[in-house]
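Residue numbers (our numbering), protein chains in the order written: chain A, 4 to 218; chain B, 409 to 630; chain C, 54 to 314.
Check the hints yourself; a few may be wrong.
[As the list claims (entries may be wrong)] Cut-off 25 Å, straight-line C-alpha distance, at most; resulting in silico cross-link-like pairs (DMTMM-like, lysine to aspartate or glutamate):
(1) C/244 to C/192
(2) C/244 to B/535
(3) C/244 to C/302
(4) C/86 to C/302
(5) C/244 to B/591
(6) C/182 to C/118
It is worth saying that the hints were derived from the structure and are not from the lab. The structure presented is a predicted model; accordingly, all values stated were derived computationally and were not measured.
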Amino acid sequence: MSGSTASLIEVRALSCVRGSARLFSGLDLILGAGELMHVAGANGSGKTSLLRILCGLSEPASGEVRWRGAPAASVRDDWRSGLLYLGHRNAVKDDFTPLENLRASAAIAGDTTPGDVLLRALVDIGLGARLDVPARSLSQGQRRRVALARLLADTRSALWILDEPFTALDTGAVAVLSRAMAAHLARGGAIVYTTHQPVDINAARRQTLNLDDFS
Amino acid sequence: MIGVFLSVMRRDLLLAWRRRSDMLTTLGFFLLVTSLFPLGVGPEPEQLSHIASGVMWVAALLATLLSVQRLFESDEADGTLEQMLLSVEPLAVIVLAKVCAYWLLTGLPLVVMAPLIALQFNLTPDETLIACATLLIGSPTLSLLGAVGASLTLGLRGGGALIALLVLPLYAPLLIFGAGAVDAWRAGLGVQSHFALLGACLLVALAVCPLASAAALRIAQD
Amino acid sequence: MSDSQLSATRAPSAGVSLFHYASPQTFFPLAGKLLWPSWIAAVALTLAGLYTGFFIAPTDATQGDSYRIIFIHVPAAWMSMVVYLAMAFWCAVGLVFNTRLSFMMSSALAPTGALWAFVALWTGALWGKPTWGTYWAWDARMTSELILFFLYCGYMALQAAIDDPRRADRAGALIAIVGAVNVPIIYFSVKWWNTLHQGASVSLTQSPSMASTMLTGMLLMALAAWAYTIAVALMRVRAIMIERERQTDWVRQLATGETKA
């Protein structure tokens, strides 16, 4: 199958069980370079669980995840270095300033983005005036921006996995983020994201996956 | 790998520095618990010097147990732990860096304060030195084993009592080797074997615990 | 259909007979068949062992009749260690081969192991009173047995605290294996500590000459303990299987009586 070699991430016959509840089953998806996938579904349909399986944080109950055509578990290092995941939680420390937070995230991820790139990302996402204050005194939306600044500084990841990236953002930040997502797609990256608010993102190829169809 | 080790350690130390007062809680607990023993067993100097090393070690175990359960708590709560699991760097190295920072912040202060307790318990200078040295070699092992317990009980209800039940039985050999050294010295026996055994425990723990803790963190986040 | 596939995916499906029974669906009837023979063996061996121990074996020259408690104490102490090793073994198998049944087996063994450790401690104390004049001596074996009992408690408490069965299995497995690595270290350290503090420790099984009937009684009781452990573990593992797999087709069929167990 020629599609599988060109695909970035591919999932076959996936099912997910949480506790004693089956969230979804028989799910297949293929995502290639430059593609945008919107994961839709009601609350509790397993959107977050699916994203966590896609980045390897959770194991599926059954089914297979493939990364660039190979079983993902066998190319774990390549898989991890090729993706950037932003969850519900911002991974922002209250006692650190935005720049310190960004530096710490980069260090933990094992990524060596230079400090001036990180700084520019913070300025671009609109935190230029708040660079020196601890995250404790930032608003909810501003903390979310600190986390999202990682996307603006990112150049090495092929796949972005974003869980509700637009939550708590104002219209200005939503515009900056959707431009960054469009730019990532234009570079040949792919994005899987969930959202409850309609946001227009410029993408040549897009898919929508409704988890309610697989419950 | 060394890069991520150093930067995670620096990050944890810096975070702790921004919350300096939290560091003192464990130390205060250690000093308070040891000070309670003379009130309980009576102030006879002879008896106190006899139980001193045991008391110091038990207090160190409990102080570690109390503080180590928070080792991964804030990283789990704010989502940093997910990012650690997704890092291209080995998770065990990140865990080891966190444990090292944790030991510098809680284990080392106990060792530094130990002479003060030795003074209260009427130990001779030689005995004080031996007691401190056992704590210096033994407390990193306490931190490493505690990290395994902390990652296994991460986010569980009743975490505090549970981690005690899991980890305290594993602490028993360390307590025996550590607290026994002063007794052996007083009985005129050599203390090399005590130190050799404590050192062996540390090496085994260094090799096994970061891996076990990393595995437990992946299980906890699944 | 997808349900039964789900239960089969975890077990290697290469028709090897051992792996055939690695899935709960196939092991359940087998465990049911083994259940009654184990119970019968347990009861018969216990009766024979107790009769030999209490009525045939001669009275001990130094300890009188109070020594007869070893017919319960020693097999219980042996079993408490064997069961812990078996538990750690199943946990390791589960982690390596990803077979759910191994984890279930391990959870089924834990309460029985803890029971044996408790019985060993209890009978040890009862035996200690007439023999040493005290219920509890910090003897190396008794202290290690006590720590072993705590290890069982820790394993069970951890499993009970985790709601998600998969996390409970894996976290429990990890602590069981770490504990198993520690058991020899603990035993060595306690023994070492004991010799340092009390000179030679009191040996429980050191008897100048053991009559052959005593040995026979002990052997019968040890086999009875094995049979009982197997019977109870099989019963418990069947209950765990049904509880864990209640969503799957084979348990539903079992409940409606479509297949014979």
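Verification of the supplied hints:
For the proposed pair residue 244 of chain C and residue 192 of chain C, the alpha carbon gap of about 8 Å is at most 25 Å, so the pair holds. For the suggested pair residue 244 of chain C and residue 535 of chain B, the alpha carbons sit about 24 Å apart, so the restraint of at most 25 Å is met. With a CA separation close to 53 Å, the supplied pair residue 244 of chain C and residue 302 of chain C exceeds the 25 Å bound. For the proposed pair residue 86 of chain C and residue 302 of chain C, the alpha carbon gap of about 21 Å is at most 25 Å, so the pair holds.
Simply put, residue 244 of chain C and residue 591 of chain B have alpha-carbon atoms about 16 Å apart, close enough for the 25 Å limit, and the pair holds. For a cut-off of 25 Å, the pair hint linking residue 182 of chain C to residue 118 of chain C stands: about 13 Å separates their Cα positions.
Against the hints set out earlier in the document, a violation occurs for number 3 only.
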